[in-house]
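Single-letter residue listing:
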Amino acid sequence: MPFKKLLLAAALATAAVTTQAHADALDSIMKSKVIKIAVPQDFAPFGSAGLDLKPQGYDIDMAHLIGKELGVKTEIIPVTSANRIPYLQTNKADLVISSLGKNEEREKVIDFSIAYAPFFSGVFGTKAIAVASAADLKGKTIGATRGAIEEQALTALAPDATVKRFEDNNATIAAFVSGQVDLIATGNTVAAAIAEKVPARAPALKFVIKDSPCYVGLNKNEPALLAKINEVITKAKASGEIGKLSEKWLKAPLPPGF
Amino acid sequence: MSYKLQFAELLPYWNVLLYGLLFTIVLTVVSTAAGIAVGTAGAAARTFGPVWLGRIVAVYVELIRNTPFIVQLFFIFFGLPALGLKLSETTAAFLAMVINLGAYSTEIIRAGIEAVPKGHIEAGLSLAMSKWEVLRHIVLNQAFRKIYPALSSQIIIVMLGSAVVSQISAEDLTYAANFVASRNFRNFEVYLLVALGYLLLALLTRSLLRALGRVIFKAR
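Protein chains in written order, with the numbering used here: chain D, 13 to 270; chain V, 1359 to 1578.
Some hints here could point you the wrong way.
To be verified - Among the chain D residues that face chain V by a calculated CB cut under 10 angstroms, a handful are:
{"#": "1", "residue": "124"}
{"#": "2", "residue": "163"}
{"#": "3", "residue": "167"}
{"#": "4", "residue": "179"}
Claimed, not checked - To list a few chain D residues with every Cβ distance to chain V over 12 angstroms, as calculated:
{"#": "5", "residue": "66"}
{"#": "6", "residue": "142"}
{"#": "7", "residue": "148"}
{"#": "8", "residue": "157"}
{"#": "9", "residue": "178"}
{"#": "10", "residue": "180"}
What the hints assert, rightly or not - No more than 35 angstroms apart at the CA atoms, straight line, and that leaves these computed lysine-lysine pairs for DSBU-like:
{"#": "11", "chain 1": "V", "residue 1": "1444", "chain 2": "D", "residue 2": "222"}
{"#": "12", "chain 1": "V", "residue 1": "1444", "chain 2": "D", "residue 2": "260"}
{"#": "13", "chain 1": "D", "residue 1": "222", "chain 2": "V", "residue 2": "1362"}
{"#": "14", "chain 1": "V", "residue 1": "1362", "chain 2": "D", "residue 2": "139"}
{"#": "15", "chain 1": "V", "residue 1": "1362", "chain 2": "D", "residue 2": "150"}
{"#": "16", "chain 1": "D", "residue 1": "45", "chain 2": "D", "residue 2": "222"}
Read the hints as simulated data drawn from the structure, not as lab findings. Backbone N, C-alpha and C define an ideal beta-carbon position, used for all residues, glycine too.
If we strip away everything but chain D, and leave its shape as in the complex, we get:
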């Protein structure tokens, strides 16, 4: 694939130029006393406009946490999913904290920290129902949105379960909220939204179907900055600060082993 190689070479060349221009990103952040962080503006609960029109969410709190730990001012830059990586590559942002998942293509152009937020789809249900794995679903009824990744995975994982497939997320949510199903296969952010709006039927995680946590994105060849961000995240995980963010925005404790 000569084209792919060419792209890679171009990306590497860009990275090399960037490194030359900025001797060290961490140094210049500490010198300017400002860290510019790209956050989502259209992806609740990670980042969306609050009633005061300022961005709010898990990612915004995480950005402020990093700024505080570094002892610098945090400059919040709202971005969309499509332009979050270009913001980083053109040095308009030092970090991207924008519910960014890791994949091969992205790893070619940017670096990733360790995971800072859980993002997964799984089977959720009311507390009363005892389910711990796909095997426990035998004879149970689960609501899911037709064609969604978790619905297709569930059909393969639990052939003995009854999967009720609905046309869209709203119908699936309505089925769970109205009690038509006591188990629901969906994303953790959807489960958080249900828990917030209908606390009486707050869905608790039974097991994870597909895990794709969020990482902080940063430019390549910034080992000092990368190490520092990883240190901040590790510390925040140990001190329970990330757990608090999860409780606050995702309405659930961090999944075991996160």
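Got chain D; can you put chain V on it based on the hints?
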């Protein structure tokens, strides 16, 4: 137009589609029978029953005929659990269909009853037939004969409208089509096949009803 039809991709799902087809047939047959029973009772209540009962039936008819079927269905499936009445998607689908057809057929059958000349009823009563006998042998007999074509059309409309029950995860023919399309993305083939399925079902229903009509209303 370079789309290449690949009906072979539907083959692995033949059992899903067949199940959906059978579900739609059973749903239609059962809800038609129950719906016409409701309609007959409603029409009799509106024409011969006490005023208060007629009013209640009128409210029921207007409520159902002036709201969309899908809203009625969602109300039964997603709404009623709030009042403690939790119905499975299959029960909810049957119930919604019966309630819907019941309202429409009430009005159709009532039209037939109104068209029976008063003199026939009076003649029956003067021959010492009971009210019940008059209703059965004179009124309904003539009424059904008159409105049979209109009722047949309504049954086919309800059968086609039953596609909507797929939205509450009742596993009818449309649900099967949506399921297959979400798996192999052969939307064109799936919906073409299912549209043909409904067409055949409708034509079949019509000829069956026609044959049935010939048996029931034998020319005297």
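Hint check results:
The restraint placing residue 124 of chain D at the interface with chain V is violated, with a minimum CB-CB distance near 32 angstroms, outside the 10 angstroms limit. Against a cut-off of 10 angstroms between C-beta atoms, the interface hint on residue 163 of chain D holds, since the closest Cβ of chain V lies about 8 angstroms away. For residue 167 of chain D, the suggested interface contact is upheld, since its CB lies about 9 angstroms from the closest CB of chain V, less than 10 angstroms. Checking residue 179 of chain D against chain V by beta carbon gives a least distance of about 6 angstroms; that is within 10 angstroms, so the hint holds.
The beta carbon of residue 66 of chain D sits about 35 angstroms from the closest Cβ of chain V, which is more than 12 angstroms, so the claim that it is off the interface holds. Listed as a non-interface residue, residue 142 of chain D keeps its Cβ farther than 12 angstroms from every Cβ of chain V; the least gap is roughly 21 angstroms. Residue 148 of chain D, annotated as away from the interface, keeps every beta carbon of chain V farther than 12 angstroms; the closest lies near 21 angstroms. Residue 157 of chain D, annotated as away from the interface, has a beta carbon of chain V within 12 angstroms; the closest lies near 10 angstroms.
With a least CB separation of 6 angstroms from chain V, residue 178 of chain D falls inside the 12 angstroms interface cut-off, contrary to its annotation. Residue-level check failed: residue 180 of chain D sits 9 angstroms from the nearest beta carbon of chain V, not beyond 12 angstroms. Distance check on the hinted pair: residue 1444 of chain V and residue 222 of chain D sit about 31 angstroms apart at the alpha-carbon level, within 35 angstroms; holds. Distance check on the hinted pair: residue 1444 of chain V and residue 260 of chain D sit about 33 angstroms apart at the alpha-carbon level, within 35 angstroms; holds.
This hinted pair checks out: residue 222 of chain D and residue 1362 of chain V have alpha carbons roughly 34 angstroms apart, not beyond 35 angstroms. For the hint linking residue 1362 of chain V to residue 139 of chain D, the alpha-carbon distance of about 49 angstroms lies beyond 35 angstroms, and the restraint is violated. With a C-alpha separation of about 40 angstroms, the suggested pair residue 1362 of chain V and residue 150 of chain D falls outside the 35 angstroms cut-off, and the hint is violated. Only pairs whose Cα atoms come within 35 angstroms are accepted, and residue 45 of chain D paired with residue 222 of chain D is rejected, the gap being roughly 39 angstroms.
Checked against the numbered hints above, the structure violates hints 1, 8, 9, 10, 14, 15, 16; every other hint is satisfied.
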